[in-house]
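Sequence lines, in order, name chains A and B.
Position one of the first sequence corresponds to residue 1 (the working numbering), numbered consecutively onward.
Position one of the second sequence corresponds to residue 1001 (the working numbering), numbered consecutively onward.
To be clear, the hints were calculated from the coordinates, so they are not data collected in a lab.
Predicted model, so just to flag it, every value in this text is computed and none were measured.
Take these hints with a grain of salt, some might be off.
[Said to hold, decoys possible] The list that follows gives simulated cross-link-like pairs (lysine-lysine, DSSO-like), each with its CA atoms no further than 30 Å apart:
hint, chain 1, residue 1, chain 2, residue 2
1, A, K79, A, K109
2, A, K109, B, K1045
3, A, K79, B, K1045
4, B, K1013, B, K1066
5, B, K1045, B, K1013
6, B, K1045, B, K1005
7, B, K1077, B, K1066
8, B, K1005, B, K1066
9, B, K1077, B, K1005
10, B, K1045, A, K113
11, B, K1077, B, K1013
12, B, K1077, A, K109
[To be verified] Pulled a few chain B residues facing chain A out of the computed Cβ check, cut under 10 Å:
hint, residue
13, K1045
14, A1046
15, E1048
16, R1102
17, F1111
[Unchecked claim] Some chain A residues flagged as far from chain B (calculated, every beta-carbon gap over 10 Å):
hint, residue
18, V3
19, S10
20, S22
21, S68
22, T74
23, V88
Virtual Cβ for every residue (Gly too), placed ideally from N, Cα, C.
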Amino acid sequence: DIVMTQSPLSLPVTLGEPASISCRSSQSLQHTNGFNYLDWYLQRPGQSPQLLVYLGSNRASGVPDRFSGSGSGTDFTLKISRVEAEDVGVYYCMQALQTSLLTFGGGTKVEIK
Amino acid sequence: QVTLKESGPVLVKPTETLTLTCTVSGFSLDNARMGVSWIRQPPGKALEWLAHIFSNDAESYTPSLKSRLTISRDTSKSQVVLTMTNVAPVDTATYYCARTPRPTPLASLYFGMDVWGQGTTVTVS
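The shape of chain B in the complex, shown without the other chains (with noise of 0.2 Å):
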């Protein structure tokens, strides 16, 4: 069974560094086709993607958040790390990761994020 879990603080001070982890289950962070993506929804809004990261390394970020965000893996915890610097009261979201498919031309290999986390909320005050 597959399963991702998130982690992180309940309470952060604006400008202060946040840091999230994502542990993961039933599957590896070594296999070449699939990754994780984090992604974000502040209360009573959309969803919003906000970084993903692969077996090879290989990260993407959302443009407005770059400079802010860094993503990492450890393969040995099997976990995916997201660090956001500076963080303010904007970013009080519930933060969620979920299992994400690795770019690919075969079609055949994609699936959708077909494996969500039950999301961990965090409040910047």
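Isolated chain A (complex conformation) (with noise of 0.2 Å):
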């Protein structure tokens, strides 16, 4: 099994101000293609998670640009360059690399302070 591994646990932010999530799985996501298999999901509170980010750094539809995924291998990260309000929520990552079993992360909760 791949292992994903989100920090920090809990991510108190500033409206206006920059926030940063990282994940890191236990092998490394390239594909033979060169590509990533890595997607980032925001839960925010009592809705179904959606898609933000897939292949590490494709913004999915109607994601805002604030939002980016980036890194390669085994170490990934998400920024949100400005946070708003309703950027609130909690933020998975999720291997799709081993496709008979995909995993997530722990988990981000990222919260205004």
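Got two chains here, each in a separate frame; can you build the complex from them with the hints?
Below is the structure:
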């Protein structure tokens, strides 16, 4: 199994300030095609998860450009350039390289200070 | 517009079999590029992928639950069904289904779990 580890567990942020979440995998997520099979999801309070970023750095349709994903191999980062109130929730990374066993990180809770 | 909607019992007794249905619209379960995953979330805990199925009926299950899970699809009803046998209180969770890209070496065909259902909450007691 590929184990996904996120940090921090909780992230208090100030509106308008940047935020950064880390995700590490126990194995490289880089496919032989050169792409990293790492997704980011946001679960707002009381809502279903929604896709933010796929293949490590591709924003999903409709996702604001203040969200950006980066990284390769085993280390990945999700950055929010300027946090807005609607960004509150729990962020999850998920590996999709091992297609027979998809695994999520433990989540990072983002809240406003 | 692509939508998925989960349905199933709210309350299940221990040792019973849980049957959950995901009804999809806006895409076909025969589409070779995509399938459906089931994911669950116990109260206050993280997401856990359970299983997925694709148009060629290829299935995968999380190993820890493989002996208890069965996923199937009914294309005529646009439904994906997940059954879980011998449930226990630890299976209490919100269960989600999500559209899932079929595994392929072509990165251009990968799009993440781009549409999720609203979830259905199941209590085992």
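Now for the hints, and whether the structure bears them out:
no.: 1; hint: A/K79 to A/K109; verdict: 14 Å, holds
no.: 2; hint: A/K109 to B/K1045; verdict: 11 Å, holds
no.: 3; hint: A/K79 to B/K1045; verdict: 23 Å, holds
no.: 4; hint: B/K1013 to B/K1066; verdict: 20 Å, holds
no.: 5; hint: B/K1045 to B/K1013; verdict: 22 Å, holds
no.: 6; hint: B/K1045 to B/K1005; verdict: 22 Å, holds
no.: 7; hint: B/K1077 to B/K1066; verdict: 25 Å, holds
no.: 8; hint: B/K1005 to B/K1066; verdict: 23 Å, holds
no.: 9; hint: B/K1077 to B/K1005; verdict: 13 Å, holds
no.: 10; hint: B/K1045 to A/K113; verdict: 22 Å, holds
no.: 11; hint: B/K1077 to B/K1013; verdict: 28 Å, holds
no.: 12; hint: B/K1077 to A/K109; verdict: 38 Å, violated
no.: 13; hint: K1045; verdict: 8 Å, holds
no.: 14; hint: A1046; verdict: 5 Å, holds
no.: 15; hint: E1048; verdict: 7 Å, holds
no.: 16; hint: R1102; verdict: 9 Å, holds
no.: 17; hint: F1111; verdict: 6 Å, holds
no.: 18; hint: V3; verdict: 12 Å, holds
no.: 19; hint: S10; verdict: 13 Å, holds
no.: 20; hint: S22; verdict: 16 Å, holds
no.: 21; hint: S68; verdict: 15 Å, holds
no.: 22; hint: T74; verdict: 18 Å, holds
no.: 23; hint: V88; verdict: 16 Å, holds
In summary, the one numbered hint that this structure violates is 12.
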